[in-house]
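These protein sequence lines are chains A and B, in that order. At position 105 of the first sequence (counting the first as 1) the number is 106 in our numbering, and the numbers step up by one without a gap. At position 28 of the second sequence (counting the first as 1) the number is 30 in our numbering, and the numbers step up by one without a gap.
In short, the hints are calculated from the structure, not lab data. Certain hints may be false.
[Unchecked claim] Estimated spans, in silico, between C-beta atoms of each pair: (1) 40/A <-> 5/B: 28 to 36 Å; (2) 54/B <-> 57/A: 19 to 27 Å; (3) 70/A <-> 84/B: 42 to 50 Å; (4) 22/B <-> 16/A: 41 to 49 Å.
The model shown is predicted, which means the values in this text are computed figures rather than measured ones. The beta carbon of each residue, even a glycine, is placed where N, CA and C say it ideally should be.
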Amino acid sequence: NAGVTQTPKFQVLKTGQSMTLQCAQDMNHEYMSWYRQDPGMGLRLIHYSVGAGITDQGEVPNGYNVSRSTTEDFPLRLLSAAPSQTSVYFCASSSPGQGAWGSHEQYFGPGTRLTVT
Amino acid sequence: DQQVKQNSPSLSVQEGRISILNCDYTNSMFDYFLWYKKYPAEGPTFLISISSIKDKNEDGRFTVFLNKSAKHLSLHIVPSQPGDSAVYFCAATAFYNQGGKLIFGQGTELSVKP
Numbered sequence: 002n003a004g005v006t007q008t009p010k011f012q013v014l015k016t017g018q019s020m021t022l023q024c025a026q027d028m029n030h031e032y033m034s035w036y037r038q039d040p041g042m043g044l045r046l047i048h049y050s051v052g053a054g055i056t057d058q059g060e061v062p063n064g065y066n067v068s069r070s071t072t073e074d075f076p077l078r079l080l081s082a083a084p085s086q087t088s089v090y091f092c093a094s095s096s097p098g099q100g101a102w103g104s105h106e107q108y109f110g111p112g113t114r115l116t117v118t
Numbered sequence: 003d004q005q006v007k008q009n010s011p012s013l014s015v016q017e018g019r020i021s022i023l024n025c026d027y028t029n030s031m032f033d034y035f036l037w038y039k040k041y042p043a044e045g046p047t048f049l050i051s052i053s054s055i056k057d058k059n060e061d062g063r064f065t066v067f068l069n070k071s072a073k074h075l076s077l078h079i080v081p082s083q084p085g086d087s088a089v090y091f092c093a094a095t096a097f098y099n100q101g102g103k104l105i106f107g108q109g110t111e112l113s114v115k116p
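Extracted from the complex, chain A is given alone in its bound form (with noise of 0.2 Å):
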């Protein structure tokens, strides 16, 4: 299994241009999230999936949009970057446990680190 991952590694975008980070995951997890993680402000959800066509924002979803069509795929677009989404971003995924309290436990890839000038 490859777990998660993430492309590109790097980028670097001129204020106002579009992309999409790329994630997939091949361990056929429910839940998928997108985190940004700054200096300080530790890791902060951005938008977060729990199942195919069902997505929901998290703490600082503004500037971004996701979708979720399948169950391996969780792309997030930038639609207009501004230089305070430069960031590292990362993808995670989980899987409901057994149990009352299921299971948390998220798996994140390497992340995306990303330079808007």
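Got chain A; can you put chain B on it based on the hints?
Showing chain B alone in chain A's frame:
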């Protein structure tokens, strides 16, 4: 409004000693807590978790303690090893979220010196 807070950005300990990383939360709906470890240029990896029905969970050298009345949890690493040097994030969620929505703290960078 930071719902999960790690107030110590960094911690330095000697090899073989105990490392104690702290985390506070404000949302009383949180009932499941996790710790993740992150090395530079890699994604975070799951370390240990605890549900609100417990006050302690142990896995080898790692123990997580939960004090619900104080809304505080801590991660103890005993004995600390140089390979434990990394950034540690605590995360919280509520039962009904079932894994789709974790709220993370800011992280604490642990340095274990030989």
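Taking each numbered hint in turn, which are not upheld by the structure, reported in ascending numerical order?
Hint 1 alone not satisfied by this model.
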